[in-house]
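Each residue of the sequence shown is one higher than the one before, starting from 1 at the first, in the working numbering.
A few of these clues could be false.
What the hints assert, rightly or not - Each pair of labels, with its calculated beta carbon distance range:
#, residue 1, residue 2, range
1, G279, Q71, 46 to 54 angstroms
2, E393, D187, 43 to 51 angstroms
3, E226, Q92, 38 to 46 angstroms
4, R281, G84, 51 to 59 angstroms
5, P315, G279, 16 to 24 angstroms
6, A228, P267, 14 to 22 angstroms
7, A95, E128, 15 to 23 angstroms
8, Q239, D187, 22 to 30 angstroms
9, E276, Q92, 41 to 49 angstroms
10, E133, Q239, 44 to 52 angstroms
11, D269, A82, 49 to 57 angstroms
12, D242, S85, 47 to 55 angstroms
13, D259, G279, 13 to 21 angstroms
Derived from the structure by calculation, the hints contain no laboratory data. Predicted model, so just to flag it, every value in this text is computed and none were measured. We put the beta carbon where it would ideally sit given N, CA and C, even for glycine.
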Amino acid sequence: MPQRSKWLSAAAIGFLLAWFAKVPSAPADPAQVAPSKESGGEVVAEDDDANPEMQGLFATAIPLLPLAMDQEAWSSPEQRIAIGSGLDQLAQASAALGQHAVTRDLGFRNLSDSLAEDIERTRNHYAEGAFEESRASMVEIANTCAACHSRLSGRSDTRRPPLPDGLLEGLSLHEQSQVWVATRRFDKAMAVWEAALADEMQAPGQLDIEGYLLDYMTIGLRVLQEPARVRSTFAGFSQRPDMPIYLQRHLARWAIALDAIEAEQPPADPLVRARELAGARGVPQPDLLGREQTVYDLAASSLLLGFIDDNRASPEELSEAYYLLGVVEARSVDSYWLPQAESHLEAAIRLAPGSASAASAYALLEEYVVVGFGGADGDALPDAAFGKLQELEVLIEKSRAPGSPPGAGPPAD
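Sequences and hints are given; from them, build the entire structure.
As structure tokens, then:
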């Protein structure tokens, strides 16, 4: 799995503050959002950043983030009252967002809960005088927002004013792409990645290790849904003379998969099609699973996240959707900034604990957590992780009909 930093740099955070401070007030009614050429003339509903709860959250974070970038300022006695008060207000804004999240799908609620936990941890560390821990936790809060922006299909947010020329000159390509995704300027992020892939000074293998290719596919396929653009970019990238053999093979197989995805029509049943794509059925079969499956996994995750966001399916169907999301996440789709395989698999269990999907989700979750903590016998598991596994196992057992094998379903009514 490619590795990349999960942290926004100090420079990127500073840029975000200047950018978000200029965001105009959102219309109160989604119907007031003007049709645009980019949306094909159709009215596009507000994104999550446009709701009052999200705006309130960021407004309270704006005064705190610059202080968190300065170690001396964050621990200064002169700032103690202001920072403490700001963190209290941030917690209140997070609670308001949590109330809004109740109306959304479980995945969105999990992200909202994660944000609330980050904020509470920041407050506690600061109150205890653990300034470095609270400072790091404060920066981490911004990453959860970015995770939300890569979940669903969408268009670039062009409501914010244009940027002055040269404003991003001090940022690396990686930091620039982070900024653009966090501000929902997906077109700009794509351009940054495309420039990096064409830059002969950037080694192809290093770009892969740092996650540029996966990030580019995630936004290009799952958010913008432009497989032709991704295929064209990779075709040019594959011609570089310094291309490693392993990556050349991946690119060739991804090209076949991108052709297949481009030919896809909106499915009558997104869950059925996502199940097929996750198993590479009904499409050209990759030679190897794993990273060879990445394109199909991203296409499947796009269908699954949209299916879940619709929020009208039965608990059993939603359980399967979350299980499949956990599968593709753990296998080849490391979510942008915030890995979510564990939360997807846990959601599959809690939604329908007596279902076959829940049993499969538990088996994968147990392996994912135990191996992740480096202890095959579970001895290395923290108490919280071990306790959660036990809780979920009991939940499944209680939902199973007496005498039935695992995954046989709940007792009949």
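Verification of the hints:
Checked against the given bound of 46 to 54 angstroms, the beta carbons of G279 and Q71, roughly 50 angstroms apart, stay inside it. In this structure the supplied range 43 to 51 angstroms holds for E393 paired with D187, their Cβ-Cβ distance being about 46 angstroms. Between E226 and Q92 the C-beta distance comes to about 40 angstroms, which sits within the given range of 38 to 46 angstroms. Here the CB-CB span from R281 to G84 is close to 56 angstroms, well matched to the stated 51 to 59 angstroms.
For the hinted restraint 16 to 24 angstroms between P315 and G279, the CB-CB distance of approximately 23 angstroms keeps it satisfied. The given range of 14 to 22 angstroms is respected by A228 and P267, whose C-beta atoms sit roughly 19 angstroms from each other. Checked against the hint of 15 to 23 angstroms, the C-beta distance between A95 and E128 comes to roughly 21 angstroms, which is consistent with it. As the Cβ distance of Q239 to D187 is approximately 24 angstroms, the hint placing it in 22 to 30 angstroms holds.
Checked against the hint of 41 to 49 angstroms, the pair E276 and Q92 passes, with Cβ atoms roughly 45 angstroms apart. A hinted range of 44 to 52 angstroms for the beta carbons of E133 and Q239 is consistent with their spacing of about 47 angstroms. Range check, D269 to A82: about 54 angstroms between beta-carbon atoms, so the 49 to 57 angstroms window is met. About 54 angstroms separates the C-beta atoms of D242 and S85, a value consistent with the hinted range of 47 to 55 angstroms.
The supplied range of 13 to 21 angstroms is met by D259 and G279, whose beta-carbon atoms lie about 19 angstroms from each other.
The structure meets every hint from the earlier list without exception.
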